[in-house]
Amino acid sequence: MIFDPGIITDHLDEIGSGFLVTLGTWTSGVVLGIGLGLLIAIAQLFGNALVRAPLRVFIELIRSTPFLVQLFLVYYAGPAFGLSLEPVPAGILSLGVYGSVYFAEIFRTGFESVARGQLEAADCLGITRWQCIMRIQVPQMLVIILPALVNLVTILCKETAVLSIITIPELTMVLTGIGSETFAFVETLLVLCIGYLLLVEACSRLGMFLERRVGRFMNRQAQ
Amino acid sequence: MLRLEKVGKSFGSTRVLKGIDLQVRHSEVVCLIGPSGSGKSTLLRSMAFLEEYDEGDIVIEGQLLGWVGAEEPGKKRKRAPQSQINQVRRNVGMVFQQFNLWPHMTAIGNVCEALRRVRKLSAEEARQRGMAMLDKVGLAHKAASYPAQLSGGQQQRVAIARALAMEPHIMLFDEPTSALDPELVGEVLQVMKNLAKEGMTMVVVTHEMGFAAQVADSVVFLDQGEVVARGTPQQIFHNAEHPRLQQFLQNYLDRNAFWQDGKEAATS
Amino acid sequence: MLVRIRVPQAVRLTLPALVNEMILLIKASSLVSVVGLADLTRTAQNMAASDYLFVQDYLMLAAFYCLINIPLAFCGGLLEKRLKGHLA
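Going down the list, the protein sequences come from chains R, S and A.
So the first sequence is residues 0 to 222, counted in numbering that gives the first Met the number 0.
So the second sequence is residues 0 to 267, counted in numbering that gives the first Met the number 0.
So the third sequence is residues 0 to 87, counted in numbering that gives the first Met the number 0.
Any given hint could be a false lead.
What the hints assert, rightly or not - From the structure, some residues in chain R lie toward chain S, with a derived Cβ separation under 8 Å: (1) Gly125; (2) Arg134; (3) Gln139.
Stated by the list, open to error - What follows is a list of derived Cβ distance ranges for each label pair: (4) S/Ser150 / A/Asn19: 37 to 45 Å; (5) A/Val34 / R/Leu19: 22 to 30 Å; (6) R/Arg55 / S/Ala147: 47 to 55 Å.
Said to hold, decoys possible - Only some residues are given here: those of chain A computed to face chain R with a beta carbon under 10 Å: (7) Ile22; (8) Ile25; (9) Ser29; (10) Ser32; (11) Gly35; (12) Leu39; (13) Thr40; (14) Ala43; (15) Phe53; (16) Val54; (17) Leu58; (18) Ala62; (19) Tyr64; (20) Ile67; (21) Ile69; (22) Leu71.
Simulated from the structure, these hints should not be mistaken for lab results.
By construction, the Cβ of each residue, glycine as well, lies at the ideal position given by its N, Cα and C atoms.
Let the hints inform the model, and build the full structure from the sequences given.
Have a look at this one:
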């Protein structure tokens, strides 16, 4: 078997742009997911029953179907509902919606895990509910959910590979394309693995760094 | 200053408080004692409206706490708006068994938070008042420490400072030393004794009979949601008449004074 | 002997997590369609490619996955409640 790294170096700029597309769709999807997830979490925590019920249905649907299927629905079935998107926006939208549900779950459980006693103490001192949320619950929640957030962001990175199926020119599509042209499957798939490994590793390193900086003075409570 | 009339509370079908009457005068120290499940914590928490009491009235400095209007049989009273509850509770401070400090803020941060958010003091004024309070409980040197860096006794003292910073007229203590290692109990009790000497009105739920005997002006014994006995420490501890009270004190002595007078620890 | 003590407890502790894993696997299985295996997703894709009824075909696809996963998730939740009850 001949292992020819030259194949990789020949197509370096293609691979580079594929990597950037992956990076771009991943970060956009994450930002959208966090934004939507925040809205959903707020609606679940503070909304009335009329809002929470359809939300619950929506969440269950997203959680029960594969990402690929949701992607197809947005890209292929979308136009029938007036939503004709180019591949990249469709991909980002799907990724964002898919992630938002899981982000919302993380935000909600993190928010509720701040020990009840602290809220009672705040209440007794006359601190209003809003002040309590902003000054006591949110700061602690951000630290508590950090590991789960990093985990989810990593999962979404890996899900971007699925976007290749609707012809978004991201890393997977570029490298498998090169692979089928030149039949150099080993080299291309190896680089593909390394690419994702780099992204995931960078992400978790960032997460660990943040955890150490922010969590220094807080021991995670389990009251 | 604080008056409870026929206060009752149920959790579902269980009646936890049954017709409690209590009066606390200015500068009086009242200790609530009793076995677990007697309702003493629930009663104390009701005084801060952390539990909504179902029957009767709790009146703080002339104002009804938590409800609007007189009680009518068969009808549930309307809950007072939060601002009104806060208004009545303004002069009540509470200290919890689990301290309930906010772990993401320093000691001085904890103490000043309410001063800045509720009393709307400037950062400088709040800091001065906060440092004075920490000094009062003997922890001025730990102002920049986070709760995780403090011992249990120190955390509880910070919690007391935090409550005191709001200049309450009444301080409520819910088993303040029950979660502490025995060696750390003393420092917290000392702070509380000093407070009592200064004339603070205090209602303390405690298992520390020594504290109650030394500091309290009146001791109230609760059992199964009712006031079974009340009186001066002398009356309660030395002239206990009610059989349930006698049993309670006997249990306590068996557990705690086993090295005196040849009494052996009770083995059941 | 250890089998009679450990295995029941291990089963009790891991069953809810295993149900979750199964749901994840079922969702991941949709990706085998990429390598041509005629699973649910690939079949739906083929149908859509021939009759161009994207909305119906893909919605039905989603419905099938829901049909499998939602009852599973429900059972997982029930299991978790039942088993946790004995522990607390």
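Quick rundown of the hints versus the structure:
1. Gly125: holds (4 Å)
2. Arg134: Cβ of R/Arg134 sits 7 Å from chain S, so the hint holds.
3. Gln139: holds (5 Å)
4. S/Ser150 / A/Asn19: 37 to 45 Å: 41 Å Cβ-Cβ, so the 37 to 45 Å window holds.
5. A/Val34 / R/Leu19: 22 to 30 Å: Cβ of A/Val34 to Cβ of R/Leu19: about 27 Å, so the range 22 to 30 Å holds.
6. R/Arg55 / S/Ala147: 47 to 55 Å: violated (37 Å)
7. Ile22: Because about 8 Å separates A/Ile22 from the closest Cβ in chain R, which is inside the 10 Å limit, the hint holds.
8. Ile25: holds (8 Å)
9. Ser29: holds (4 Å)
10. Ser32: This hint holds: A/Ser32 lies near chain R, its Cβ roughly 7 Å from the closest one there, short of 10 Å.
11. Gly35: Cβ of A/Gly35 sits 13 Å from chain R, so the hint is violated.
12. Leu39: Cβ of A/Leu39 sits 9 Å from chain R, so the hint holds.
13. Thr40: With a closest approach of 6 Å, the A/Thr40 hint holds.
14. Ala43: holds (8 Å)
15. Phe53: Hint holds; A/Phe53 Cβ to chain R Cβ min 4 Å, cut 10 Å.
16. Val54: Interface hint status for A/Val54: holds (4 Å vs cutoff 10 Å).
17. Leu58: holds (7 Å)
18. Ala62: holds (9 Å)
19. Tyr64: holds (5 Å)
20. Ile67: With Cβ-Cβ at 8 Å, under 10 Å, it holds.
21. Ile69: Hint holds; A/Ile69 Cβ to chain R Cβ min 5 Å, cut 10 Å.
22. Leu71: holds (9 Å)
This entry does not satisfy hints 6, 11, going by the numbered hints stated previously.
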